[in-house]
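A.B. asks: Here is how the chains run, residue by residue.
Protein chains: 2
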Amino acid sequence: MPEALPAKADHVDVLIVGAGPAGLMLANWLSRFDMKTRIVDKRGTKIISGQADGLQCRTLEIFDSFGFGHRAWRESNRMLEVCFWNPDRDGVLRRSDRIADTISGISRFQLAVLHQGRIERFLLDSIKEHSDITVERGVMPTAFEFDESKAANFADYPIVVTLRTLSDEEATPAQRQQHYRNADGTQSVISDGLFQSNLVADDTDDLIRMAKDNNHAHPVETVKAKFMVGCDGAHSWVRHQLGFKLEGDSTDYIWGVLDIIPITNFPDIRYRCVVHSANFGSLMVIPRENKLVRLYIQLQVTQHAQNRDSADRSWITPEIILQSAQRIMHPHKIDYTYCDWWTAYRIGQRVGDHFSLQERVFLAGDAVHTHSPKAGQGMNVSMQDTYNLGWKIAHVVKGYSEGSILRTYQSERRRVAQDLIDFDYRLSRLFSTRSAKDTTDKGVSMEELKNTMERGSEFTSGFGVNYGTSVLVAKEGDSVEQGDGTEVAANLSQRVVSKPHLATKIGIGKCIPSFKVLNQSDARPWHLQELLRSNGRWRIIVFPGQLTMPQNMQRMQRLGDQLGSPNSFIRQYTPYSHPIDSLIEVLTVHAGPRTAVELLDLPEAFHPFDEKMGWDYWKVFVDDESHHEGHGQAYVHYGIDPNHGAAVIVRPDQYVSWVGEVDDYDDMARFFSGFMRQQVVSKSDIESRPATSSTV
Amino acid sequence: MPEALPAKADHVDVLIVGAGPAGLMLANWLSRFDMKTRIVDKRGTKIISGQADGLQCRTLEIFDSFGFGHRAWRESNRMLEVCFWNPDRDGVLRRSDRIADTISGISRFQLAVLHQGRIERFLLDSIKEHSDITVERGVMPTAFEFDESKAANFADYPIVVTLRTLSDEEATPAQRQQHYRNADGTQSVISDGLFQSNLVADDTDDLIRMAKDNNHAHPVETVKAKFMVGCDGAHSWVRHQLGFKLEGDSTDYIWGVLDIIPITNFPDIRYRCVVHSANFGSLMVIPRENKLVRLYIQLQVTQHAQNRDSADRSWITPEIILQSAQRIMHPHKIDYTYCDWWTAYRIGQRVGDHFSLQERVFLAGDAVHTHSPKAGQGMNVSMQDTYNLGWKIAHVVKGYSEGSILRTYQSERRRVAQDLIDFDYRLSRLFSTRSAKDTTDKGVSMEELKNTMERGSEFTSGFGVNYGTSVLVAKEGDSVEQGDGTEVAANLSQRVVSKPHLATKIGIGKCIPSFKVLNQSDARPWHLQELLRSNGRWRIIVFPGQLTMPQNMQRMQRLGDQLGSPNSFIRQYTPYSHPIDSLIEVLTVHAGPRTAVELLDLPEAFHPFDEKMGWDYWKVFVDDESHHEGHGQAYVHYGIDPNHGAAVIVRPDQYVSWVGEVDDYDDMARFFSGFMRQQVVSKSDIESRPATSSTV
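Protein sequences, first through last, are from chains A and B. Going by UniProt numbering, 109 is the number at position 109 of the first sequence; the sequence numbering is gapless. Going by UniProt numbering, 227 is the number at position 227 of the second sequence; the sequence numbering is gapless.
One should not assume that every hint holds.
A pair counts as met if it fits within one copy or between any two copies, since identical chains are not told apart.
As the list claims (entries may be wrong) - Calculated cross-link-like contacts (lysine-lysine; reagent style DSSO-like; alpha-carbon spacing at most 27 Å):
| hint | residue 1 | residue 2 |
| --- | --- | --- |
| 1 | 333 | 612 |
| 2 | 128 | 46 |
| 3 | 150 | 398 |
| 4 | 224 | 245 |
| 5 | 128 | 291 |
| 6 | 46 | 291 |
| 7 | 510 | 374 |
| 8 | 291 | 612 |
| 9 | 450 | 510 |
| 10 | 245 | 374 |
| 11 | 245 | 150 |
| 12 | 36 | 128 |
By construction, these hints were calculated from the structure, which means they are not laboratory data.
Full structure from sequences and hints, please.
C.D. replies: See below:
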């Protein structure tokens, strides 16, 4: 694409296109590594209301691993129970059932709701705290070149992108503003979300055209990048450049969304509700923060049949949506004075055919999966895409890992997207079809809907994700079958397989569950996941069992000797100038009792010494009764025998790679040898390096 | 005191002198009321290290009621266990015992440690969020006049104070800086805390003298105030102006304090420890945030006898203090490279003879009580002084309450100070005396120390406070005896006495304990105290028992009719323009089950309706099993019969005023009539006022 000569040029490690949740999560990850990162977004401002709002437990855990989970948890509204309403035999709407909204014990968090603007705020604050990365708003890419000959060398820059800064008018979406008539006759202005809805053509092409006309007024620059990630939404510019496709279908179901402070006598308005009316479609109630309630309301398109063939959306107004809600909720009244936001969308499910171009350009979030919003998954899965990708890119850029780990991104995340789409298809059909009058009726039975939701709870909490075997996940089976079809297995000589019977309740390829353990040195309880901060470290978590049993202490001694030796794989893979725990951190959780063990009796590898800071008191923990917060029963919950123990390797994103014997140093070493790079240091370097740790 | 003509004059509701924890807590309270408040401090900068650090559970609860408890809780180090070390029969130091540091179940928080500078930061942020009050630093009062003839009229300004802005040099304390020799031979600079220690003469007089010399250079102004509060420390200028005295004694015991990152093989360095050596005195270990440990170390003054008679403190250095610690901890090693702060102090216990001048000028914090720091009480009791005082001043200034409530400040807080001093005296003696060799020895027995600490746990957690009967606390007994000697009883005709048997585990005059209850409208668990935000509201908490019992529902109906009537005392005391729940809020906790009750079946007084916001879903709660956080068992823990119920009146500072029958509207009305002021409104105002609520 010929362009005017660029005004300046820049070289970056990673260029992120799009500053929604997926793009910001990626920038947030990369802010933890000292890397040259840029992130651009064509919109001139951050969103302040509406959009996505559902937060999985797993997403809250990820936020917590970055240090801002508490902000989301405090501000959000919790969703604890789902109430089902459907017509009784006389056709009158009744509460037919209640179920818990989150599986008991699955997480220290529960499903919650908070609008996307706050999530983006937390991510922005976190990025700012850890780096000088700033979002460049009103900036969009207009041309893309890829030099395949440079793709194999990860020190090289195969990507060239032209960026253009837009004018203020260009960067402001053409949002419809309308005067809405309140019940008391006054008027107020409500912004709609249709400009981002899938009912409206995206305005990217218009923006590019406008920007070209402005060539002289606004700066243009060329950026050369090692990696580029398109987090630029359903109408992704990056995806179009790559020529990749979304595969799937749309339905004819149209749903409206209202964010209102409800004035109603419906008794369950602060519970999540699924309401099926006899004849007017269905509706979902999502109670939100700040007294708001979001209603997802099925619109009776047949009433507006004259418009169906065209793209005309003018018939969709807040009043039309409200009237649908009123019909569905009858005989209960519902009205509002304050409307915070509204939109409408057509249900559809689509997944990208490819997630990456030669592991140099990646797509994430809505750019590669679109679906209905009602399961509250979209923002979560999008952020989890880049949470999966971020550390892999960073470890390759930093030279810690081989580039082969990058192939696992598509293998792992495209499979998740496919599973999501399947789930959403089933759920959407159940929501959009009228409820059955009796067992002979072909409408949806409430029992089927309830069962689907209950079975889907692990999935909607974010814990259904189970990454297949690969260079990063040491388990039985075939990596092509367990993923999306991409080959990501380790070389045979380096392949390691876990011994899952040693920790029967830890799923290899799944996120490590979290239970409370106590710090050996001060008896403070921590959720295990709180120890697994997202700072790029791999962890070897040693569960040595009861250390009062001599054979268990002997195995610890053996492992400690090997890990602490100057030739250990940890030392080989950790850059000379970095603390010994900065790439692979060793944590211990023994089976207690706490008071029977003294920290300093364990080998130094488990609590490194530093000349200026003394011993590290934040590496050894115990599964024991706490003074004020009960007993975490971690060994029971992980299915580990306290007489025997186990060791677990956990990825920097908290997914489990390997389970094996406490003292199986060789398998640990073999696992890491499949993708880690030996750091080049002289012999004298190794001998003189102090065993320092960097915990704060 | 003759002065140059003031450059300008100002009228304020409250002038706060001193911006330490006590002064900032007061400003923070007042920031919740729209009042004219100024706060001045002679120091030019906020402290950034050292000073006080202990946080009672009760203090964390108060922080949480202002919305920043989580900040302190996240940053602080928890103290969960105390280890006792003393010589064994052979004179070798051994761990002799462990006890929990906080009584189980007493609070949702535990004892914690975080340095004063962070606490002040949280208070400053909170003040800024809620008001435009800013601390005027480098400003000190230099003259004070009090017009007694104006003291009886609370709309008048009896106080006149001259304020002077200091130069930068004047506002910087003469802090000693010294080069300290590290173990490796390098040098570093450590600031000491002696300038604020009681071993140094305060520099206030010097500052005043210097300021006078600077008359022309720096602005002077006159402030007229309704109230003034002296939070200006042990050498309080305000106290001197009033001619009040601190009563009590100093001892000869001198203790040093080191904040260091320890390099040690002492195994319990991250537990709180009390270490008694055989011959070299005792030491306390306080593990802190950011890897720091504070050591309180008894200094062997006799070794420096040549200096004892003079005020010479030059012999006290970090090295002297460290050497004492090393002797005490022998045979364990202790050393450090990094020292964050150090100081030394002489143990003494003193209490002010008066806490107020005609309820117009008050003293709080170190200005009226000084004691040793080792029980971790100082900062807590100081902030709790002004937490007690703030809402009382605000309610009088706002015209909600009679001035009579202000007398309870001295009655309640001077008694607390006396109790604190008694406790500290006993504890200090036990710490400073050598441990007994056997039962015939007159040293301190470890058993006695451990018992004193265990018995003191309720006190040191902050829950020992039990305010006596008064116009604000409706219980049996004599107000003079139960307080500090001040007469604060209600008039006989308005005196109400609680029925404690209805809630056997709620102490009248004590802080209401907190247990989890569920919101009726969304099943979310809340700690009861989380519902009692510090926003100036009184609460009537109705525990109606099981509402499935018809008689209990009938009593709720009766109470609801009376509270909701246009003539109810709530309406009489609430200013016309304010929401109905803004001064006295009605909360309900029924005994369950949750699913057997519908919110809208309860009278409107328990969930007020607003035309724009709909029903209030945040007033009715239930004592029932939660989905993920267990069963709070609130009725069991409060000692309330679920077949019968009780009602509780709670002060704006979470202390319990009254316990009575659910439907005892008359006693509730009589209680409030003892000090509340009827708001002047027309009859038509009352009839037309909507029943709005203001919960957010």
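A.B. asks: Each hint: holds or not?
C.D. replies: Each hint tested on the structure:
1. 333 with 612: between (69 Å within a copy, 15 Å between copies)
2. 128 with 46: both (15 Å within a copy, 25 Å between copies)
3. 150 with 398: Cα proximity of residue 150 and residue 398: one copy only (18 Å, versus 74 Å across).
4. 224 with 245: within (25 Å within a copy, 74 Å between copies)
5. 128 with 291: Between copies, since 25 Å is at most 27 Å while 30 Å is not.
6. 46 with 291: within (23 Å within a copy, 38 Å between copies)
7. 510 with 374: within (25 Å within a copy, 48 Å between copies)
8. 291 with 612: The answer is between: 12 Å across copies meets 27 Å, while 52 Å in one copy does not.
9. 450 with 510: within (26 Å within a copy, 48 Å between copies)
10. 245 with 374: within (24 Å within a copy, 68 Å between copies)
11. 245 with 150: within (25 Å within a copy, 82 Å between copies)
12. 36 with 128: within (14 Å within a copy, 36 Å between copies)
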